[in-house]
Amino acid sequence: MVTKNEIKFIKSLRDKNIRNKFNLFVVEGKKSINEFLNSDYKVYKIYSTHPANISYGDVIQISEKQLIQISALKTPNKHIAIFNKIKFPLKNQKNYFLLDSASDPGNLGTMIRTLDWFGYDQLICSKNSVDCYNTKVIQSTMGSLSRINVHYVDLYDLISSSNLPVYGASVSGKSILEFREKKDSGIWVFGSESNGISDDISKLIDQNYCIPKGSNSVKTESLNLSTSFSIILSFLKLY
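Using this note's numbering, you'd call the opening residue of the sequence shown number 1 and step up by one each time.
Note that these hints are calculated values from the structure, not bench results.
Some clues are possibly wrong.
[To be verified] Listed next, the in silico BS3-like pairs over lysine-lysine satisfying Cα-Cα at most 27 Å (straight line):
| # | residue 1 | residue 2 |
| --- | --- | --- |
| 1 | Lys213 | Lys91 |
| 2 | Lys4 | Lys21 |
| 3 | Lys127 | Lys203 |
| 4 | Lys4 | Lys65 |
| 5 | Lys174 | Lys213 |
| 6 | Lys94 | Lys127 |
| 7 | Lys182 | Lys94 |
| 8 | Lys16 | Lys94 |
| 9 | Lys45 | Lys8 |
| 10 | Lys203 | Lys183 |
| 11 | Lys45 | Lys21 |
| 12 | Lys91 | Lys11 |
| 13 | Lys31 | Lys16 |
| 14 | Lys8 | Lys91 |
| 15 | Lys127 | Lys65 |
| 16 | Lys45 | Lys136 |
| 17 | Lys213 | Lys203 |
| 18 | Lys74 | Lys136 |
| 19 | Lys65 | Lys91 |
| 20 | Lys16 | Lys45 |
| 21 | Lys87 | Lys8 |
| 22 | Lys237 | Lys213 |
| 23 | Lys136 | Lys16 |
| 24 | Lys85 | Lys16 |
| 25 | Lys31 | Lys8 |
| 26 | Lys30 | Lys11 |
| 27 | Lys136 | Lys85 |
| 28 | Lys237 | Lys183 |
| 29 | Lys74 | Lys11 |
| 30 | Lys11 | Lys65 |
| 31 | Lys31 | Lys45 |
| 32 | Lys183 | Lys30 |
| 33 | Lys87 | Lys65 |
| 34 | Lys94 | Lys203 |
| 35 | Lys16 | Lys87 |
| 36 | Lys31 | Lys85 |
| 37 | Lys30 | Lys65 |
| 38 | Lys30 | Lys78 |
With the hints as extra help, turn the sequences into a complete structure.
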């Protein structure tokens, strides 16, 4: 059985500061939990109203009432797990994807899932970007976070120390269809949903690129951040 203190502790992990303090995060749903169980992440505890449905030896049974108490979802799944966070080393790669001040959990989750789809395994965020272990982020990745290493660093220092060309995603840039550089070598920077790329990072960008509008598009000012991200990754990977 789960105690009142355990329920209180699980709920407290919705807070980023508590997650950082205990180095733990929560995953909900059978599919996502199984993805993390099959990754490098180490499980701390698993709770379930139907323990037999989870392929793990030591699952703590809870009631439907307790599930509702500890779940962050409006419609709770039957299973909730706590995993230990991992500090991944930053990999040297030819392509880097950077997020500058991204604040929307759903967008970050979709971008992580997109990276996974196209076979990438690393994302670099500014320190003020939304936490990848946020419950909404994890839910929207549908398990992809278990395969994508997310780093939080000083983007200015990282870019300044690199010899790779730097490209920005901006509505004021050249059409991505005019991109003639090496597609597998460069740093791509994506800005926040509301303010775009910050001024200090913009100064380090060699060339901005945009996604061209359709001929009949007039009123739409911009694309959603995760949509732009998906289109540019598709262009780099497939064309």
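*Enumerate the violated hints, using their earlier numbering and listing them in ascending order.*
1, 8, 12, 14, 15, 19, 32 and 33
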